[in-house]
Structures are given as C-alpha cells and as structure tokens.
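Position 174, counted from 1, in the sequence shown is what the numbering used here calls 174; the numbers after and before it change by one each time, with no gaps.
Hint data in this document are derived by calculation from the structure and do not stem from the laboratory.
Given the structure is predicted, the values throughout are model-derived calculations rather than measurements.
There may be inaccurate statements among the hints.
Said to hold, decoys possible - Across the chosen pairs, the derived CB separations fall in these ranges:
(1) Glu536 - Gly659: 26 to 34 Å
(2) Gln450 - Gly153: 21 to 29 Å
(3) Leu646 - Glu536: 50 to 58 Å
(4) Ala426 - Ala223: 21 to 29 Å
(5) Ala223 - Ala443: 34 to 42 Å
(6) Ala58 - Gly659: 46 to 54 Å
(7) Arg655 - Ala58: 27 to 35 Å
Think of the CB as a built atom: it goes at the ideal place given N, C-alpha and C, for glycine as much as any other residue.
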Amino acid sequence: MPTPSATLTRSASAGETGVRGTAAPRRRTRIFALPEARWAAAALVLFLVGLPLYLLAAPAWSWGPLFALTYATGGWEPGWAGLQALKEKTLDVDLLMVVAALGAAAIGQVLDGALLIVIFATSGALEAIATARTADSVRGLLDLAPATATRLGDDGAEEAVRTEQLRVGDIILVRPGERVGADGQVLDGASEVDQATITGEPMPVAKETGDEVFAGTLNGTGALRVKVERDPSDSVIARIVAMVEEASETKAPTQLFIEKVEQRYSIGMVAATIALFVLPLLFGAALQPTLLRAMTFMIVASPCAVVLATMPPLLSAIANAGRHGVLVKSAIVMEQLGRIDAVALDKTGTLTEGTPRVTDIRPLAGSDLDEKVLLRLAAAAEHPSEHPLARAIVDAARTRDLRIPLVEDFTSAPGSGVTATVEGKAVAVGSPARLLKTRTDQAAATVVAQLEDEGHTAVLVEVGDTPVGVLGIADRLREEAAATVASLATLTGRAPALVTGDNPRAATRLAREVGITDVRAGLLPQDKVAAVRELEQAGRKVLVVGDGVNDAPALAAAHTGIAMGRAGSDLALETADAVVVRDELATIPAVVQLSRRARRLVVQNLAIAATFITGLVVWDLAGTLPLPLGVAGHEGSTVIVGLNGLRLLAESAWRRARGGNGQ
C-alpha cells in the first residue's frame, strides 16, 4: 500500500497542474475509483455470500470457490506488496497474514483464513480512501487562488494573464467581487477584503494604500491596485499547501515504530514456524503430524487475536462518539486523542459562532432616540448592502420584530460605510474612523473607544451629519465555551492556549471570558504552526481545534487535530483527524475522556490476548495441542476481548465520558 504522504504529494502536484492548465472543476475521488476499495469490497461480498453456506454445512463445492475467490481478491495486493518488500530484505506483516491465512486453509481452517484476508483488505482500503480524500482537499485549496489576474502595463493598459505568470513588481487591478491574484501591497484604492481563508477573521478588513493583501482573499465593493510582492509559488496559500504536506510527512516516525514492531514479530513468527516444521523432520518425525503442529502454531500464534483485541474498544469508541456528533476518522486517531496533554484553540468559528452579531446598541445623549429606533434606522440604511456587518444589523432588527422602512438614494463607500434617505432623513452608517475624521464629537468618540477596548467592532450612526448612536458588533461566544475550556484544562493539567488570526484586543477579551491566559493573536497560518511546534518542543502532545483554511496547517502539524464541522472549510475537515459535526464544543473533552477509557480497555485486551496466545503456544510446543482445541482457544480469546471492547458502545459509556474530569 502507498504511504499517505507520497500519495498526497503526487496528487497535490497533479491538482496544481489542473488548476493552472485547464481550470477544470474539482471532484472528490470516488471510493470505488480506488483499486484497494474495489478489491476489499469484492472480498467482503464473496465472504458474506460463502459464510452462511459454510455455517449451514452445505457441500464444499458451494462455498469452496467463494472462499477461494475471497483469498484471491483480498490477498493478492498485500501478498504482492509483501513479495516486493522481500526483494528489499523486509518482511511485511501483510505478507505474514496472507501466509497465515493460506496455512489455515491448508489444514482445513478455511473460514479463519478468509476472515483474516477480509480484515486486512478492508484496513488497506480505508487507508487508501483517507489518503485520497486528503489529497482532494489540498487540490481544492489551490482553487482559492484565481486562475487569471488583470495586469496593468506602464501605460495603464490592462492585460489578462495567468496568475503563475505574475512576477514580483507587477501591478494588478482587483475589481469589486474578484479574488486577489497574488500576495502584495495596495498602491491605491479602498475596499474591504474578506480574508477569513488566511487569518480566520470573521469580518472583512478595510484595505487602503500601504496595506497588505493575500492571494485567494475576496475583494469587496472597491477597486484596488496591488503591487505583487511574492511570487505566486511562494504565496500564503501555496505555503499552506506545502505545510500541510510537510506536516503529514512528520507523522512518519510513529508509523516507522509500528513497522519495526511488526517486522520483529513477523520474523520471529516465521522463524518459529519453519523451525517447528523442519527440526522434527530432521530427527525423523513423521510429516503429517509435524505439518499439523506447525500449522497449529501458525494459527494460535497469529496476531489476528491481538488485532481484534485492539480494535473493538477503539471502534466502539468511534461509533459511540459518532452517535453524539464527533466523527473520529480512524482507530489510530481515537488512540492518539487519549495521549494529548496540551490544547490550542482557534477563536473565530471554534470558541465563537463565527458570525458577527449586534451586541450593543448605544443611543447618544441628546439624540432623542431609543435603542429600537436607532437600530431601525441603521437597519434600513444597511438593508441594500451585502456587507457582513450590514447583514448583522439587519438580522438584529428582524430578531426584534422591527419594521424596516424602504430607503432612497442609497450609496456605499468602500471602507467608510453607507448613506441613504430613511423616512426623509439622511442617515449614514459606517466606520467611526472615517465618519468622525473631520468632526469632534467627544461623546461618540468615548462610546466608540469603550466598545473597541472591549473587543467589539464599533459602527457609528449619523442622522443629518449628527452622530446619534453607536452599535457594537462582535462574534458571539458559544454557550459551552467556558465549560469546555475548564474541562480540557482538567484533563490535560494546563489551560488551553488561544491561537487566532484575529486582533489582540478581541482575542484578549474573549480569552478573559473563558479563562484562557495564554493568548497568541494576529497569527498567520505559519505562525499557528510555529506555536504548535513550540508546545511540542516542550514535550507536549498538542490537540489543535479549528475550523478554517488558515487552521489546516496547524491541524496537520499537531499530534491530533479536530475541526468544527458545521462551518468548517473543506481543507480543515479533511486535514483534521476528527470532526465535531454539530459544533458542540462540550463533546471535545468527552471524546478525549472516551479515548482514554478505550486505551485502558486496549491494555486489558492485549493482556488477555497475550495470555491466551502464550498458553496455547506453550501447549503446542511442550505437548500436543489438538487442532480443534487450538482453534477454539484462539477464537475464544477473540470473542472475550471483542465483548470487552464492545462495552464502549453503551450509552452509559458516553455519559461517564461527559461527566469525567480526570485521568
């Protein structure tokens, strides 16, 4: 089977060629487009068709060919890969399983061998699917950057060029509603740019001369002239792709450790089986009983029992978490979750809902307006606008069942706000910095400063050039945020860190509300990765929780990553190891606690499996273990550990995980 990192790199490169060449729409890889999935499905179907015939003692000619085809369809790929590995002087555990399955069939245990084949074929298919989906998400990220840009010549002439043809120093024109073609600096113009894909900020950021803009971010209602300052291949978006690939590869040491364990076990088992067969023959033993003993040893020493001892608790925990809205992508992830001892949380869309809402309505003294009238005037003026802040104001008025009157003479000034005639009055709603620039209204300035110090976005409302009120807009904190932070702090022994691209004032205010003291704000994607690396260098196993494209590199770099599913970006959802489908923060500490319980059951099951295997092997070596008894003991151990692991399927297991607050 190909390694995930290799497949990811190849697929991402192919995706880049497609984006820059044909700009064809991206499609997710279909499951049955993968050969591993097709062969595994065929093996499973054949096994399920043959199983009832075998159990009902039907003639061998009815189930024999079905099981033979099960061996062929499910075993040829790992068998061939194992033979290729032998050329490199490496004994692959998959080859060992194929040999064990064939050995079981050779002594009449056809069902055991077929079951082994199906288990390992299915595991390989799931790995291939996960790898392909991650590659799909990386290719999709490249679609954020536009295929073409408008380059301006020295004489001002416009030329449409491919974005990869842009060079540092080129001047590009970004029209309203277009995506920025390259990282650069604004030369002139004013607009609001939605750069949530890069920084995670919930609201568009005003851009004017001298400000930095990023490739793939969405321009608002104004036109910008931008000087290209980075080659397209070195843009922030391109670096995100590279960091996801690099971080995926850094998980290889864990895989190497597992492979070393498998290698030693495989060599030891093969050597013991061969010795058990060859040595007695050299001393004159009969062929039939010697072969029977060797094959019995192959069956009872098979790691199938160990695999089943490990998987049921983890799969049960995955199923239980899935019922409660947490999608854990693999058993390895479920096991890893229980090891985390530090947490880094994103702000927007994670601790908060990710949608700006009106939080404060402040009529100014002397305006003779109450909160309802002030909000109604602001909502009427903003109603024709498509700006996210405008939508927040209109939604607030509708929530309060206010009638929004029709307006006339609506105009919108990028970076400043809107003006309109509402019921015969000239109403302006917009940025205090712009509207108060030529006025000295101390009362309005004081309210604006107070709201901004509290981390809110302040919006000034004027009637006839006179400030009449200020609206405070902020991203609302999730109800369970503080309790979740407290639970994670108890589980890990330290309070989570807040890593966000939002401004420091908003981040600090929110951190204070939820009990976080380690605040790292104004971070770009690479800065979030650096923060994760810093915690890891201190010996921590870090859990990162986020939702945006800008969180994807940190999710990939962390020991374990969890994405918020409802509004999460495709890349974040694919890069993360687990997804909170319903955005219920409280399920995160619960699934960590469930993982720790699963790991304890894994240890119990491994002890049970090892006891059975050791006892049966010693019996086979020291005496004469009857084959039926050996098979019964082997299968009995799998039943015991399987039932023990299935305990985590119970609803009570989730309730205990939700109520647990310690190790």
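Right, here's what the structure says about each hint:
1. Taking the beta carbon of each, Glu536 and Gly659 are about 30 Å apart, inside 26 to 34 Å as hinted.
2. At about 49 Å, the beta-carbon gap between Gln450 and Gly153 misses the expected band of 21 to 29 Å.
3. Leu646 and Glu536 have their C-beta atoms about 35 Å apart, which leaves the hinted 50 to 58 Å range violated.
4. The hinted window of 21 to 29 Å between Ala426 and Ala223 holds, with their beta carbons roughly 26 Å apart.
5. Take Ala223 and Ala443: their Cβ atoms lie about 35 Å apart, and the range 34 to 42 Å holds.
6. The hint said 46 to 54 Å for the Cβ distance between Ala58 and Gly659, and at roughly 50 Å that hint holds.
7. Roughly 45 Å separates the CB atoms of Arg655 and Ala58, a value that falls outside the hinted 27 to 35 Å.
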